[in-house]
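Chains as they are written, first to last, in our numbering: chain A, 1 to 270; chain B, 1 to 270; chain C, 1 to 353; chain D, 1 to 353.
What the hints contain is simulated information worked out from the structure, not anything from laboratory work.
One or more of the hints may lead you astray.
Some but not every residue of chain A turned toward chain B, in silico, with C-beta under 7 Å [as the list claims (entries may be wrong)]: (1) Ile29; (2) Thr32; (3) Gly116; (4) Tyr233; (5) Pro235; (6) Ala239.
Ideal Cβ positions, reconstructed from N, Cα and C, are used throughout, including at glycine.
Spelled out from the first residue to the last, the chains are:
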Amino acid sequence: MDEIMSRKRTSFFTIFWGILALLYFFLPIYGTLDFSLRMERGILGFKAYKIIFADPRFWEGFRYSVTMAVITIIVSAAIFVPTIYWMYLKVPQARPIMEIITILPFVIPGIILVFGLIRTFSRPPLQLTTSTFKTDILMIAGYVIISMPYMFRAVDVGMRSIDVRTLTEAAQSLGSNWFHVLADVIIPNLRLAILGGSLICFATVMGELILADFLVRPALGPYMVRLGLTKAYEPAALAIISYSLTWFSLGLLQFFSSRSERQKQQVITT
Amino acid sequence: MDEIMSRKRTSFFTIFWGILALLYFFLPIYGTLDFSLRMERGILGFKAYKIIFADPRFWEGFRYSVTMAVITIIVSAAIFVPTIYWMYLKVPQARPIMEIITILPFVIPGIILVFGLIRTFSRPPLQLTTSTFKTDILMIAGYVIISMPYMFRAVDVGMRSIDVRTLTEAAQSLGSNWFHVLADVIIPNLRLAILGGSLICFATVMGELILADFLVRPALGPYMVRLGLTKAYEPAALAIISYSLTWFSLGLLQFFSSRSERQKQQVITT
Amino acid sequence: MTHLELTHIHKSFGASVAVEDFNLTVKQGEFVSFLGPSGCGKTTTLRMVAGFELPTSGNVTLNGKDLTYVPPNKRNVGMVFQSYALFPNMTVAQNVGYGLKIAGKSKNEIEERVREMLSLIQMDKFYSRYPYQLSGGQQQRVALARALAIQPELLLLDEPLSALDAKIRFELRQEIRRIQQKLGITTIYVTHDQEEALSLSDRIVVMSQGKIEQVGNPFEIYNFPQTRFVAKFVGSLNTVTATVVDPAKGIASFDGINLEIAQGLNGKNKGEEVTIAIRPERFNFLAEQRKENVFDCTIENITFLGSVVRVQMKIGNSIFNMDTFNRPSLKLPNIGGKEQVTCSNKAVLVLAG
Amino acid sequence: MTHLELTHIHKSFGASVAVEDFNLTVKQGEFVSFLGPSGCGKTTTLRMVAGFELPTSGNVTLNGKDLTYVPPNKRNVGMVFQSYALFPNMTVAQNVGYGLKIAGKSKNEIEERVREMLSLIQMDKFYSRYPYQLSGGQQQRVALARALAIQPELLLLDEPLSALDAKIRFELRQEIRRIQQKLGITTIYVTHDQEEALSLSDRIVVMSQGKIEQVGNPFEIYNFPQTRFVAKFVGSLNTVTATVVDPAKGIASFDGINLEIAQGLNGKNKGEEVTIAIRPERFNFLAEQRKENVFDCTIENITFLGSVVRVQMKIGNSIFNMDTFNRPSLKLPNIGGKEQVTCSNKAVLVLAG
């Protein structure tokens, strides 16, 4: 009897928190969705969405941000995967320093970071704001910093779940050189971690506002804000579009991770 | 001989990456610092800082943001510590869901989140924008969401480093009730984790821009942006002040963590 | 004198049954081990005694009081965990004194009791140390002292030595037995290590798949296993399938070789198949004239196991192991050589099931 | 016939010395174990043979070729790790074939060799499984097959069984020995488990604090330990400090009791103190008339250790352990009772150092 009570209590608490979380997160989303569909008085319709999809500036911003996000992901992965691998293998004592460095973008307010970047690189000797191409390089550099915590953490967690050192030695004793160790053994086992980091990276860049705004580049973030200051229904529709994209990405991630989560766990417990 | 070479190669790479990281992070900071001291032509001086410290709006924003940050930290900790403890103890299978939920603020662009919040709570039935007090409640709610990933992750990592379940059972078998288990055993061992989460929370709220801007509250973020749009030297000084605060907090965190890092590690390895 | 009683304990998690109809009576001061492989339900049973799990049905009674639904913090039962579970934020003294502090004892009383417990485990000097400053063995001693400080009516140990090195395991085992005997505290000890169970216990409960296989003292468990599982799990064993030749005289045969069995084959029929077991150490090289149970064998392999030398030999078409003590004067046969070995008819076990 | 040679190997990490003047010659096809407690330098030595560490000074020679500075991927040495280290992203077949793929072998050749290796470890059916679908023991078998697939000149095993359960450890031990003997591959095996080293090896290198204590076959190591460390580390041991009474006849005494020592006390002076060691299994209850080494004792304690019963007894003022096999017919003395025990004068060891 007592056990049944305890069971009930457990599920009561679980349900309670679940509902609270749902309300907290989904009430705003529901409100936004509802609002976005009411552009035409009295009927629910997709007019706001149609307006957005018809706006060439939306597509420009979307294309630009996607491009920037993809480049950012490639640069981040190319920097962090070998660096973290090297750290795990040769200088594990450097980990605390790496952690501090990669936590900085969390801790230093975004605006400050952007001010610093612009201040430094908009004057000689390193003037990078003279052409859009150079400015884009500066954008990427900024995005890499901003998304660094996510990429570092994701790859770090991935590395920690495999025994980097022993796997490397096993591969070496079978004749592998460094390139083969990375390509055959390390990266395939980090696929999920890199994918996870990339998705968060992607979302961060897609929503980034300040850097693009200050460097006057046609990204999606400033477009959304401008829309928000002048229109009523369109920003809501845009928010819903953005949400959907995000959920789709998260769904992908969850799909891949649940498929291989059991693998990982079993590898660890045996 | 070969070993000496290998040693040299290791330290070469370490130094190479170290210098690169330094340049990447500290060049902008140095640039900002240098610029902030040049308000008076030809001499290095603290004029820009004096102007900021003399501005009552700076102090207003500072006081407001600090208050908000402290309340956010208290609310976050009060929500997350018991919830995560409960999750570890009773519903470990809920972890993936919790992770997804708490990653949302990373993944959903900040502006969207803010739009959603404002859209929902500025209309009946839950109109919270009618008085500054109610708006501040909305601010806190938003800040708690925005800083949720940091708080959750920090507490989660802390919980993982202790054996929550066995410690709880040990305390129970010695006569402890739930309150004592939390107060005597769990929270003291999470002090560092909570401190770390709180500091990042603090930094996030201090630098937050969009929520405060849209809800028209006198926080530090909007003040900095306004300053950045109209002045040249003062924002740089403000950036340096903010940096110093951040580094001071990080230093504190590092001081506490290095003191007890060895403890933790030894507990784990023995 | 019955102290702890478990009656018809049954525990299932969803569809899977963890413990089935577990009945046990433990006397005041007795040291009882639950022995079995992982997943046999021994830890689940212990956790039901501690109150961390509730039985699906059945009752736990301590000193005549029904504890089945009493929460763990009201049971006055001391528990020692495999992972030590010392509170990392407290010193050794604070750990040991924690239960007394919770019970609202006075500072002086706590201080005195902590000193007493630390002297019992011979760790007086470690009073102000933190757990991370101790070795695994020292931590487990402190955990033991902490569990005993509250003067529990019952001491529960859940594989307390599994995380330790062989040498420390051996030392601490003796320490646990010494303290248990000194305090005369009723103790339940969960382990998968047969040597621990045999060397520590007054009685052993051998479990498999949620059920009790046999309850008995170490001598009985080792020398008179009642089921095939117990025989296989405790110690090593040669088994062979034999055919009953003469149930009355206790004779069975395998590969055409007759075996005399002192315990007899009552209730078996001629021609029936039985499983015969002989422990490796019960074989000897033939030294004197004997008639019964003398076997011709071919030596297959010889392995040093430390103090014991294991000789693998073929009798008929079956492989048997023989263990003898390793001594420099031992004249080991050649591999491939023919020898004669013997074993007492009392050494031949007939296994049930 | 010298296959692997380690000469004057010395390794230090900063100020701490891990291995000191290590010299060893291993013959083609020999199975050599490095035995010692953790931190004794055994794994470091193995890693220098594998090429994962470079010696501070000294040389590693294989088949007459100096390997000291050859990188690990050019050594053609197979390695098996304690943690299995299978590649989680590859199937069993891909794991086993990986070294051949790297070596640029043809698909058919790889396929054939993989099948051959899987049949050697009796895991043909697991061809397409992933590591996470295997038990620990199966994973370690695959790791062994993977290391052997490249037909290495040398097989190195670093505590390969430490992560496994007792029963599987025992099985896999025999499997490793069988495969090693079948292939005749020179093997170095690192372990802290004396039973593993004794049962597997042709020769054992006992190490302590970076130095070789003794090199010998299992019989020599167990029965004729040359140093106090070896005697204590391998098997259990009674030690007592005795005074030399008659160096010529080999008589020493402790607590006023004389001991006859077959190996003699040459080079010792009368009145000098020596450390005497007797293995517990060398004692016996007095059964026949004897003169030398008969001791009056008081029984202190009796412990079952499974197949062995350990009797703790006091001779003079010193505590000794005696081991006898556990058998139902065994008449155990009463605790506190007086008995007479004896041991051969050949059983008494005099320890150096």
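Hint check:
1. Checking Ile29 (chain A) against chain B by beta carbon gives a least distance of about 6 Å; that is within 7 Å, so the hint holds.
2. With a cut of 7 Å, the hint placing Thr32 (chain A) at the interface with chain B holds, because the nearest CB-to-CB distance is about 5 Å.
3. Restraint check, Gly116 (chain A) versus chain B: the minimum CB separation of about 3 Å is within 7 Å; hint holds.
4. Look at Tyr233 (chain A): its Cβ only gets to about 10 Å from chain B, farther than 7 Å, so that hint breaks.
5. Proximity of Pro235 (chain A) to chain B holds as hinted, the smallest CB-CB distance being about 6 Å (cut-off 7 Å).
6. Hint on Ala239 (chain A) holds. Least Cβ distance to chain B is approximately 4 Å, under the 7 Å limit.
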